[in-house]
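S.K.: Protein chains in written order, with the numbering used here: chain A, 1 to 319; chain B, 1 to 182; chain C, 1 to 651.
The set of hints was computed from the structure by calculation and includes no laboratory data.
These figures come from a predicted structure and were not determined experimentally.
Be aware that a few hints might be false.
If the Cβ cut is set under 10 Å, some of the chain B residues that face chain A in the computed set are [stated by the list, open to error]:
(1) R23
(2) F25
(3) R26
(4) K57
(5) Y63
(6) K124
(7) S128
(8) D154
Backbone N, C-alpha and C define an ideal beta-carbon position, used for all residues, glycine too.
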Amino acid sequence: MILQEAATHSALNPIGPNAERVYRLYQFFLVTSIIVWIAVIVGLFWAAKRHRDPVEADTPDRESRAHRWIFGLTAVTVAVLAVSLVYDLALGHSLTRRDSNVMLSVRVIGHQWWWEVEYEDPIPQNRVHTANELHVPVGIPVALKLESQDVIHSFWAPSISGKKDLIPGHHNELYFRADTAGLYRVQCAEFCGLQHAKMAMYVTAEPKDKFAAWLAAQRQPAPVPVDTLANRGRLVFETANCSTCHTITGTTARGTVGPDLTHIATRTSLAAGTLSNTRGNLAGWIVDPQRIKPGVIMPSNGLEPADLQALLAYLGSLK
Amino acid sequence: MRIHRSLIALTMLAAVACRREERRFRELPPSASAVNAVPVTDFQPGGTAIQESTWTKYDNNAYALSQGKKLFETMNCAGCHSHGGGGMGPALMDDQWIYGSDPAQIFKTIVEGRPNGMPAWKGKLGTSQVWQIVAYIRSMSGLGSRPAGSSRDDHMKVSPNLQMRKAEKPKNSFVPPGAVMP
Amino acid sequence: MSVTVLPVPEQDLPPAVDPEDHRRLWRTWEPYKGFYGWITSVNHKTVGKRYIATCLVWFLFGGLEAGVMRAQLARPESHLVGPDKYNQLFSMHGSTMMFLFAVPIMIAMGLYLVPLMVGARNIAYPRLNALGYWIFLFGGSMFYIAFLMNTGADAGWFAYVPLSGPEYSAGKRVDFWAQLITFTEIAALIAAVEIIGTVLKTRAPGMSLNRLPLFVWAQLVTAFMVIFAMPSVATGSLFLAMDRLVATHFYNPSNGGDALLWQHLFWFFGHPEVYIIFIPALGFVSQIVTTFSRRPIVGYPVMVLALITTGFIGFGLWVHHMFATTVPQMGAGFFTAASTFIAVPTGVQIFCWIATIWLGRPVWRTPLLFVGGFLAVFVIGGVTGVMLASVPFDLQAHDTYFVVAHLHYVLLGGGLFPLFGAFYYWFPKFSGRLMSERLGKWNFWLLFIGVNVTFFPMHQLGLDGMTRRVYTYLESSGWGALNLTASIGALIIVISMAVFVVNLWISWRHGPLAGANPWNADTLEWLTSSPPPPYNFADTPVVISRSGLWAYGDEVPVVTGLPTHIPFELVTTVMDAEPVLQHEHPGPTIAPFVMAVEVSLMLVAGVFTPWAYPIGFALLAIPWFMWAWPRSGTKEHAENVDAEYSLGAPA
């Protein structure tokens, strides 16, 4: 049941310009902070050291010296804070600007507790619907349009960029660029209910041509099953309650409550970044999702073993 | 003695609150075996007994009601019944019940469908999900505990506040001729 | 003008009071005994002690909840508690610590200490004070009874809509949370009004504003902050309760409401609240540093200005909790600047304390040790606070364990350490006995180590991608080791708290007798015996210097001529504390208790039906009439002071 994928998910391991520049800001803060903390503690110890005659300690002369120190240190504090403020604001300004080269715009819609993803395209047939995964081309700025279907969620891929909330009734945008190919984890960062902990997904950054191939494949309807077992699985999917909530393009399954499963076999993870996409995990998830994500809307399914095997074969064929 | 009584009162209060607030996530896998035992009207022999134990898990349970409401919307029940006021299908917030207001009867109505357009949800929804919808539908006409319901949706719609709803007295209305079972 | 002069009390001896006066004053100020006396008491020390004890009980509960959460998070994919219980636990923990512990205990310390420190015989509006306490007690009890009935808050202490709204939070859990806010805001506003009244109008003659002890200044600033911050959350939680009960649409985006409205209302209160906790703590630190450095604080005017500045800027930070919701650059810039520069007044105070220690002769008793711990821990929270003020950095760290680390460093460092210092410092005044130094040092070091072991790794966890409010995490995340470390640290904190409880218990019964002024401190509360009698001071002292007790020579100038058979109190002017009136104090009454019961019933019923309010408000007439019923006895209100008594002049 354990997710095997070793995806990068650390703000200290940046792979895009956003996270990279924030990481540098963090390093600046860190060094400054350590100096400040040491200065305060050294000051405290130095003040507390009983190295002088207590009677002489408290003289007007010493007191005015203390006043000068306080003024001086205050000035230093203000100066340090002003420097960091300027650094902050300048960086914030450059990061929030929309990159004019944005080539790819993706809608990400938050649900309790999964992500709906739609690659926008002026031609409706070319739009790609998927869920719980995001593929982006390396080195190309991407705009995410963030919306929510229910409560507030927050999109956070620490290695790529800072987070941005998905708020019902608001439209937020997040711009980022991934410069290194790889698999990066996204976690919902705003508390969104029972399964907030298990609302994650993966960003796959890949070379431009590979991405284009992926996108083209995603545009296709689900492949028609070739063997009889998978064919029976398709029937199970359409007649059992799967199709009530899930869509598989090219079939009669048109549910919109749960994630689109048209190309589920190509995905990295199941259950919104919770399980790695293996046959066993998929079976466990279908039979008893409430054990893995208690509270999730998907009910337990008491399928006949043969039906389950057929269903797994069918879902496994949805490349 | 007084302490005894107040203890009993407190325990009862706790029981009510616990039932209302319980979140039951794992339910039985779907099976429609319970449905066949449910008669539609009192005119049939056998009365309207259902397994009390099944129903009490959903009755007056806030989580079941909210899940039921979510399903009512996502399954497009509102397409015919509107948000309780009725349209193509009968209203659900009044006191008229064509096929009975008993939880078991509503359950059967959903699972098996009814003539004149009500589809059968057997195999489309799990048993527990149907029971959740039943709980919500009953709450629409004020049957069941008020504090367990919610005041409104986050949508543009006007439906009664379930916490303030006056309970309707269910009547078995006439069965439309087209709806008489063969 | 006759001048009566009392000898300065010898250390470890109660002040010389005529036994006859003492008896009569006692009867005048605390006439009832037994259960009736207990329930009707309006004495600020009785109420204050109850307040503090009650807060400590909630603190214990909140701590236990944190303990269970740390046990759950000690290893990945743990099944100790499920998501439903965990959400309740962290919501209860946050709500308890903020609304039932940190804020009220800081105010409660003020309710006990401020009247003593300004030389008053009781707090202003003492019946209101009792009402505030009962409301607080009943509100907290309601919250925990609900929790035991599986109706504990589960949408977080911040209860963001729409998650906390009628659509996504089924049942009555959030309603009880919203009602807890109502209870605590009533209690806090009451306390704030009392503190302001006490500080501005009942100071001892001669205690002009520029002679006010820094703790009293801190309480005054805090009280004003409460008055400006609380209405915001009161409005917010009222809207939420109405959305949930009577189907209004304040937070429903599809009907013209807005989910972000809640966040603004909440944080406009929520951020100042941090300073409502922190500023009294600064006051503790100033008093402890003064006493244990054996010299007046360096830079008193700057310290006062720093407190006031903090109080003002504290209201300009709230949006830094919302950077991830998308804030326009220009607007965010202002909040970043405010959040950055609020470090300056605190920095100034830190410099002043260090200078005071440098110029003085520091004695490292337990209270000062806690101040040292405060500096070491709080400064870490302070610098991470400056980091979080930055929009780009905040967008990475927001809602992660980095923020969990930051806020615990700030609140434990800036709140709990000074508070424990204050317990050790004022315990002799509360109880008449000193606390054990040896156990105190154990308590301190265990807490210091525990806090750092628990919360320091969380910085790393947050930057490594661990978000807040997660009931579990995957094994592949690699967060296991640091989480285990944090959980071990939590265990150390628990042990440290156990040491504190043992120390409290032993010292309360067997600690060495303290006497009036065991620390040789300078503020007025140390002038009277420990614990103080119900009337506080047999003779109201006259203040002749900012240094309070240290400025008196061999004799303490006092006010004479106030009658002892009527609870008279002196009313003085706002700025210079010149006596203008003598005011008869209201005596003990059961009315506040009855009113609190009535209000509590109304509010609990208000969770279920809006009819609770019209009926409840109508029934409020009963306790109100009890309260306002004319008192029998002598009436000599508002006499001209000069004719009645005279003041001791400075020697």
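S.K.: Hint by hint, note whether the structure agrees.
M.R.: Taking the hints in turn, this is what the structure says about them:
{"no.": "1", "hint": "R23", "in the structure": "holds, 7 Å"}
{"no.": "2", "hint": "F25", "in the structure": "holds, 4 Å"}
{"no.": "3", "hint": "R26", "in the structure": "holds, 4 Å"}
{"no.": "4", "hint": "K57", "in the structure": "violated, 14 Å"}
{"no.": "5", "hint": "Y63", "in the structure": "holds, 9 Å"}
{"no.": "6", "hint": "K124", "in the structure": "holds, 5 Å"}
{"no.": "7", "hint": "S128", "in the structure": "holds, 6 Å"}
{"no.": "8", "hint": "D154", "in the structure": "holds, 7 Å"}
Checked against the numbered hints above, the structure breaks only hint 4 and satisfies the rest.
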